[in-house]
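Chemist: Here is how the chains run, residue by residue.
Number of protein chains: 2
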Amino acid sequence: MKETGKISKAVIKRLPRYRRYLEDLMKKDVDRISSNELSNLIGYTASQIRQDLNNFGGFGQQGYGYNVKALHAEISKILGLDRDYKMIIVGCGNLGQALANYTHYYKAGFIVCGMFDINPRLVGLSINDIEVMDYSALDEYLEQNQIDIGIICTNKGSAQEVADKLVMGKVKGIWNFAAVDLEVGEEVALENVHLSDSLQSLAYNINHKED
Amino acid sequence: MKETGKISKAVIKRLPRYRRYLEDLMKKDVDRISSNELSNLIGYTASQIRQDLNNFGGFGQQGYGYNVKALHAEISKILGLDRDYKMIIVGCGNLGQALANYTHYYKAGFIVCGMFDINPRLVGLSINDIEVMDYSALDEYLEQNQIDIGIICTNKGSAQEVADKLVMGKVKGIWNFAAVDLEVGEEVALENVHLSDSLQSLAYNINHKED
Chain A
112 MKETGKISKA VIKRLPRYRR YLEDLMKKDV DRISSNELSN LIGYTASQIR
162 QDLNNFGGFG QQGYGYNVKA LHAEISKILG LDRDYKMIIV GCGNLGQALA
212 NYTHYYKAGF IVCGMFDINP RLVGLSINDI EVMDYSALDE YLEQNQIDIG
262 IICTNKGSAQ EVADKLVMGK VKGIWNFAAV DLEVGEEVAL ENVHLSDSLQ
312 SLAYNINHKE D
Chain B
112 MKETGKISKA VIKRLPRYRR YLEDLMKKDV DRISSNELSN LIGYTASQIR
162 QDLNNFGGFG QQGYGYNVKA LHAEISKILG LDRDYKMIIV GCGNLGQALA
212 NYTHYYKAGF IVCGMFDINP RLVGLSINDI EVMDYSALDE YLEQNQIDIG
262 IICTNKGSAQ EVADKLVMGK VKGIWNFAAV DLEVGEEVAL ENVHLSDSLQ
312 SLAYNINHKE D
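Residue numbers (the working numbering), protein chains in the order written: chain A, 112 to 322; chain B, 112 to 322.
Where hints are given, some of them may not hold.
Identical copies carry no separate label here, and so any pair may be met within one copy or between two of them.
Said to hold, decoys possible - DMTMM-like mimics (lysine to aspartate or glutamate), calculated; alpha carbons at most 20 Å apart, straight line: (1) Lys197 <-> Glu298; (2) Lys197 <-> Glu148; (3) Lys124 <-> Glu302; (4) Lys138 <-> Glu254; (5) Lys138 <-> Asp195; (6) Lys276 <-> Asp250; (7) Lys139 <-> Asp195; (8) Lys320 <-> Glu302; (9) Lys138 <-> Asp308; (10) Lys188 <-> Asp142; (11) Lys124 <-> Asp308; (12) Lys320 <-> Asp275; (13) Lys320 <-> Glu297; (14) Lys120 <-> Glu254; (15) Lys281 <-> Glu297; (16) Lys267 <-> Asp135; (17) Lys320 <-> Glu294; (18) Lys124 <-> Glu134; (19) Lys320 <-> Asp193; (20) Lys320 <-> Asp195; (21) Lys139 <-> Asp292; (22) Lys188 <-> Glu148; (23) Lys138 <-> Asp292; (24) Lys267 <-> Glu254.
What the hints contain is simulated information worked out from the structure, not anything from laboratory work.
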């Protein structure tokens, strides 16, 4: 594992958000922005913004602010968005299909190369020009293709088995949507989207805003 | 806003995860579990588990451990899962449809009552027995029905307008899937699922595991 220096996980988690706002500014042809203006937009304090962005060298200049385009490019690079990622989706129900169609990602270099399901009614279908293959072909596919990211959209009962196959097939990261915590070992990056956890947090917050 | 005592946001964020493991234990007919055993399962330290669960009164007994069923019920109650939530979905593309079909949530008392879209090809369709209504009918629907949660699955350009309508229509919480940070005021709970942020975090982590 590469040394990440002093960059904390919390800062990394905030980078996509910075990048999103910078992208909007670029679309509005804004060339530069001060930490105070960024603060008004994003909602972090100006001092936190300066501290966060100082982690990556001095993008900001006193009295000038940040160069929007340069900062966007640098954050993209730090996040690893200056390269492409080959992805496969395992589990092609509604969620798997939704992710396949989420064309937004293609623009950012996340390319779905294959989809797999166990359901014969789905196998052979073409989703966003990607053929759904039989799950039994997954091992061989991974042997023959170097895939960066495996996306798990199966039910929770199947998710660990799928993860094991993905790890064996040498993916570098797993994006997991199944409501279960997976074991993937140290070598593979794991990012979970636990929709039910998120919905339950919302329920809690609703009840604690009521009188 | 109700006083939440000393319960930190971080603890609340961990509760759905505790609940998930406790549910699995219940399915395996496990009656009680020690903080050490829970620690092995969940991956938090036993001391953190004891500290977290102490926030809600003493569920654990020295030498006995936690009563799985009682702890599950209490966490469910704290999260507000002992009641039902009426939900609507705005934006019925693949993701909206995926969420409508995510029947898992129904079991937990999250009930989709209506779906809305602006696309005439979707309006009138029935998804999981819920009719997709025209977006122009949203205001009136919200006037006539007390909806707890509005789910936003539109593109980012439309999301704030939808959020404004939902707030005006007196929803208590918004579950936002659009890649934008919404303004909803103090009264409404907001939970974001920013898929692109999550994918970018994964990209970062992949690049920092490589040699």
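Chemist: Would you pick out the hints that fail for this structure and give their numbers low to high?
Modeler: 2, 4, 5, 7, 14, 22, 24
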